[in-house]
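**Student:** Sequence:
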Amino acid sequence: MKKLSDFDLELLRYFLNELRSARYAALEDAENFSDICSALEELGKHVLDEKKSGLGGYRDALVHITPPSQQDRLGSALKRVIEARNDKAHTGSYARNAVEKAITVSAILEDILMQHMQTVEDIMVQGVLFAEKFMTLAKVRELMLAHSFSYLPIKMGDEYFLLSDAEVARQWRMAGQFSRERNLIPLKDLEDLRLIPMETIKGSTKLSATNIPEHPRLVLDDQGNIIGIVSPFDWL
1 MKKLSDFDLE
11 LLRYFLNELR
21 SARYAALEDA
31 ENFSDICSAL
41 EELGKHVLDE
51 KKSGLGGYRD
61 ALVHITPPSQ
71 QDRLGSALKR
81 VIEARNDKAH
91 TGSYARNAVE
101 KAITVSAILE
111 DILMQHMQTV
121 EDIMVQGVLF
131 AEKFMTLAKV
141 RELMLAHSFS
151 YLPIKMGDEY
161 FLLSDAEVAR
171 QWRMAGQFSR
181 ERNLIPLKDL
191 EDLRLIPMET
201 IKGSTKLSAT
211 NIPEHPRLVL
221 DDQGNIIGIV
231 SPFDWL
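According to full-length UniProt numbering, numbering within the sequence shown proceeds without interruption in unit steps and concludes at 236.
Worth flagging that the hints you see were computed from the coordinates, not collected in a lab. Predicted, not measured: the structure shown is a model, and the values here were computed from it. By construction, the Cβ of each residue, glycine as well, lies at the ideal position given by its N, Cα and C atoms. Among the hints, erroneous ones may be present.
What follows is a set of in silico ranges between Cβ atoms, one per label pair, in the way DEER data are often shown [to be verified]:
hint, residue 1, residue 2, range
1, 114, 195, 40 to 48 Å
2, 194, 45, 20 to 28 Å
3, 173, 126, 31 to 39 Å
4, 189, 116, 40 to 48 Å
No more than 30 Å apart at the CA atoms, straight line, and that leaves these computed lysine-lysine pairs for DSS-like [said to hold, decoys possible]:
hint, residue 1, residue 2
5, 2, 51
6, 188, 139
7, 188, 155
My request is simple: use the sequences and hints to build the entire structure.
**Tutor:** So this is what it looks like as structure tokens:
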């Protein structure tokens with residue numbers, strides 16, 4: 001049975017992203033409970049280096065990579081997740097409890113994986129979603145609500161800025177006082193749009209308390225290319 005220290009960094013990054021994505025999906029919709037289960041099964045398979053039938057076959061492997069102080073908590077939560085995974089008809093409060101336990105398991109394992117991360121590039125989110133200056137306020141609002149974003153990066157001229165949910169809400173309410181047609185005006189044509197100058201950070205920057213940004217930052221490679229985005233939330 002392998003230890004996480006036996007995994008290369010690329011694989012550790014992969015599982016951190018998989019678990020995070022699955023947890024976010026489950027938080028948005030409990031129907032995505034199976035996404036976490038699939039990520040747990042894949043991680044368990046790599047730890048065990050053997051394919052088993054179902055999540056239950058990987059329980060010992062997942063407990064194995066967990067520090068002793070967390071093993072009882074993870075094992076208990078994982079037991080409930082396995083039971084729910086095997087019960088296709090679970091509904092109501094039982095289903096909600098199963099999702100909560102799955103999120104707990106994912107959060108514990110994410111924390112363990114984070115301990116192996118060393119640079120900003122290791123924890124950043126790839127595939128940056130930008131607001132575009134030709135987008136309408138209604139479209140940006142839709143994007144923020146769909147992805148639970150507090151900020152969206154936007155390029156104006158040669159510079160990058162952050163558009164906050166607070167500013168979108170302010171603009172939306174102002175529009176309601178006058179005309180809903182205002183919500184169909186492109187962002188570039190809104191005269192009083194308040195944007196926050198966006199800072200950047202090198203992907204090679206070491207993870208430390210002093211480097212945690214107050215707002216999201218674009219992550220750059222050594223050539224200055226954008227390779228991702230990182231927020232304070234990604235340090236958690």
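**Student:** For every hint, state whether the structure bears it out.
**Tutor:** Outcome of the hint check:
{"no.": "1", "hint": "114 with 195: 40 to 48 Å", "verdict": "31 Å, violated"}
{"no.": "2", "hint": "194 with 45: 20 to 28 Å", "verdict": "49 Å, violated"}
{"no.": "3", "hint": "173 with 126: 31 to 39 Å", "verdict": "34 Å, holds"}
{"no.": "4", "hint": "189 with 116: 40 to 48 Å", "verdict": "47 Å, holds"}
{"no.": "5", "hint": "2 with 51", "verdict": "14 Å, holds"}
{"no.": "6", "hint": "188 with 139", "verdict": "13 Å, holds"}
{"no.": "7", "hint": "188 with 155", "verdict": "10 Å, holds"}
In summary, the structure is inconsistent with hints 1, 2 from the numbered list given earlier, while agreeing with the others.
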